[in-house]
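Two chains, two frames, some hints: make the complex.
Now for the letters of each chain:
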Amino acid sequence: GESVGLHLPTLSVQEGDNSIINCAYSNSASDYFIWYKQESGKGPQFIIDIRSNMDKRQGQRVTVLLNKTVKHLSLQIAATQPGDSAVYFCAENGGPREDDDYKLSFGAGTTVTVRA
Amino acid sequence: ETGVTQTPRHLVMGMTNKKSLKCEQHLGHNAMYWYKQSAKKPLELMFVYSLEERVENNSVPSRFSPECPNSSHLFLHLHTLQPEDSALYLCASSQDSARGHGYTFGSGTRLTVV
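Protein sequence lines correspond, in order, to chains A and B. At position 25 of the first sequence the residue is numbered 25 (my numbering), and the sequence of numbers has no breaks. At position 50 of the second sequence the residue is numbered 50 (my numbering), and the sequence of numbers has no breaks.
Next comes chain B alone, as it looks inside the complex (with noise of 0.2 Å):
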């Protein structure tokens, strides 16, 4: 174990479901973020969280909304999802910034979308 726990580690859900994913960090990181990983692509950032504040939304489409209630919890809340948002999403928490420290990622939740 990392430190870094994500449930469900599966989820297949239609397109009009609503369901959410959850991280939950035991490092006792002041920043928490989402990572989406597709086959042959690069992993890319979705949203940055610090002391439970969003610093980062790259550009997500609203079909993905996350929440962090505090520092140790992040989710992201999905609806209305596409079958391109089949994907391996990740949660990954640092100590203050990634600068010097690296990421700490969960073992990741496998979305399908039907």
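Here chain A stands alone, though its shape is the one from the complex (with noise of 0.2 Å):
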């Protein structure tokens, strides 16, 4: 299953297959980007990262991929599982102030669900 556009807020994805989830940043100073997953009940748990020199970055069965070029991230996760049913949120940070460098801005979030 894939989520397009500038944000899909729900996506289904049949149990073993593919989830391709996007998300387009805004900040063209951002160059650090991270990938949140949000259980319900729980705050957001950090999945993969990547920095602005990179194009992509492989975790366990997690894949993030950066275009700089068009502002766009995604994160694919393999074979997904019932456990991956969560709200997923990419997140940019950066910007020419020593301050910025504290703040994270998330996206709206993307709410997967696994159907078995």
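It is possible that part of the hints are untrue.
Not the full set, but computed from the structure, chain B residues with beta-carbon under 7 Å of chain A [as the list claims (entries may be wrong)]:
1. P42
2. L43
3. V48
4. L90
5. S97
6. A98
7. R99
8. G100
9. G102
10. F105
11. G106
12. S107
13. G108
Beta-carbon label-pair distances, calculated as ranges [claimed, not checked]:
14. A:D55 - B:T80: 48 to 54 Å
15. A:Q58 - B:T80: 46 to 52 Å
16. B:E67 - A:G59: 33 to 39 Å
17. B:R110 - A:P82: 23 to 29 Å
18. B:A39 - A:M54: 30 to 36 Å
19. A:S12 - B:E84: 30 to 36 Å
20. A:K56 - B:S62: 41 to 47 Å
21. B:T80 - A:P96: 34 to 40 Å
22. A:M54 - B:N17: 45 to 51 Å
23. B:N57 - A:A79: 42 to 48 Å
24. A:S26 - B:T5: 31 to 37 Å
25. A:E39 - B:L51: 29 to 35 Å
With a Cα cut of at most 16 Å, we get these calculated EDC-like pairs of lysine to aspartate or glutamate [claimed, not checked]:
26. B:K40 - A:E39
27. A:K42 - A:D84
28. A:K42 - B:E1
29. B:K36 - B:E56
Because the hints were derived from the structure by calculation, they are not lab data. Computed from a predicted structure; not experimentally measured. For each residue, glycine too, the CB sits at the ideal point set by N, CA and C.
Rendered as structure tokens:
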């Protein structure tokens, strides 16, 4: 399953299939990006990050792709499992000011539901 | 557990009440944050503290008052709130800045203002 466009709030995916969650960011000065997963009743949990000097980074069952030209970030989850059902947020960090270092700006989130 | 603990987990308060949210981190981080999470909206940054000094107040109404007595503890004091302040309030911490590190979040306090 895949979410497309600037933001698709929900994604339904069959268990075992690959998931692709997309995110468009707005700040061209952003140089660090993170994907978070938030399960019901919990705070967001770090999944994977990527710096702007890279265009791809892989983790365990997850891959993040960064396209700086079009300011687009995606998260790919391989062999989606029921435990992957959650809300996924992209976040960006960067800017010229020193206090920009502290700020993460979050997207609206995509709710992923895994069908058995 | 993430190493960031928030209490209480749930809070119901009247508009004339005064209450406080507490956050404690056991990660040795030196920056702490308050975020507000409302339904169908992105997380909103409220306050940032670095080494117990406030470095950001993101145009938050004065009915929210943060306090950071040391690098491990962060409070959010609440008074005369409005029903639209009902939300999940998330505390986070980071080692130095967020750049290159990201945040570690607590589980949040679900606040309902009646």
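Results of checking the hints against the structure:
1. Against a cut-off of 7 Å between C-beta atoms, the interface hint on P42 of chain B holds, since the closest Cβ of chain A lies about 5 Å away.
2. A hinted interface residue such as L43 of chain B counts as satisfied when its beta carbon comes closer than 7 Å to some beta carbon of chain A; here the least separation is about 4 Å, so the hint holds.
3. This hint holds: V48 of chain B has a C-beta 5 Å from the nearest C-beta of chain A, less than the 7 Å allowed.
4. Of the supplied interface hints, the one on L90 of chain B holds, with its beta-carbon coming within about 5 Å of a beta-carbon of chain A, less than 7 Å.
5. Against a cut-off of 7 Å between C-beta atoms, the interface hint on S97 of chain B holds, since the closest Cβ of chain A lies about 3 Å away.
6. Interface restraint check: A98 of chain B against chain A, minimum CB-CB distance 5 Å, threshold 7 Å, status holds.
7. A least Cβ separation of about 5 Å between R99 of chain B and chain A falls short of the 7 Å threshold, and the interface hint therefore holds.
8. Residue-level restraint check for G100 of chain B holds (minimum Cβ-Cβ distance to chain A is 6 Å; threshold 7 Å).
9. This hint holds: G102 of chain B has a C-beta 5 Å from the nearest C-beta of chain A, less than the 7 Å allowed.
10. Here the hint on F105 of chain B is kept, as its CB sits about 3 Å from the closest CB of chain A, short of 7 Å.
11. Because the beta carbon of G106 of chain B sits about 5 Å from the nearest beta carbon in chain A, less than 7 Å, this interface hint is met.
12. The interface hint given for S107 of chain B is met, as the beta carbon of that residue sits about 5 Å from the closest beta carbon of chain A, less than 7 Å.
13. Contact between G108 of chain B and chain A, as hinted, is supported at the beta carbon level, the nearest pair being about 5 Å apart and thus within 7 Å.
14. As the Cβ distance of D55 of chain A to T80 of chain B is approximately 49 Å, the hint placing it in 48 to 54 Å holds.
15. A hinted range of 46 to 52 Å for the beta carbons of Q58 of chain A and T80 of chain B is consistent with their spacing of about 50 Å.
16. Separation of E67 of chain B from G59 of chain A is about 37 Å and conforms to the stated range, judged on CB atoms against 33 to 39 Å.
17. For the pair R110 of chain B and P82 of chain A, the beta carbons lie near 25 Å from each other, so the given range of 23 to 29 Å is met.
18. Between A39 of chain B and M54 of chain A the beta carbon distance is about 34 Å. The supplied range of 30 to 36 Å therefore holds.
19. Between S12 of chain A and E84 of chain B the C-beta distance comes to about 31 Å, which sits within the given range of 30 to 36 Å.
20. Distance hint check for K56 of chain A and S62 of chain B: the Cβ-Cβ separation is about 45 Å, which falls inside the suggested range of 41 to 47 Å.
21. Checked against the hint of 34 to 40 Å, the pair T80 of chain B and P96 of chain A passes, with Cβ atoms roughly 37 Å apart.
22. Taking 45 to 51 Å as the suggested C-beta distance range, the pair M54 of chain A and N17 of chain B conforms, at roughly 49 Å.
23. Between N57 of chain B and A79 of chain A the beta carbons are some 44 Å apart, a value that agrees with the proposed interval 42 to 48 Å.
24. Look at S26 of chain A against T5 of chain B: about 33 Å separates their beta carbons, and that is inside 31 to 37 Å.
25. Between E39 of chain A and L51 of chain B the CB atoms are about 32 Å apart, so this pair conforms to the stated range of 29 to 35 Å.
26. For the hint pairing K40 of chain B with E39 of chain A, the CA-to-CA distance comes to about 15 Å; that is within 16 Å, so the pair holds.
27. Between the alpha carbons of K42 of chain A and D84 of chain A the distance comes to roughly 14 Å, so the proposed pair stays at or under 16 Å and holds.
28. Of the supplied pair hints, the one linking K42 of chain A and E1 of chain B holds, its CA atoms being roughly 10 Å apart against a limit of 16 Å.
29. For the suggested pair K36 of chain B and E56 of chain B, the alpha carbons sit about 14 Å apart, so the restraint of at most 16 Å is met.
In terms of the numbered hints stated before, the structure departs from none.
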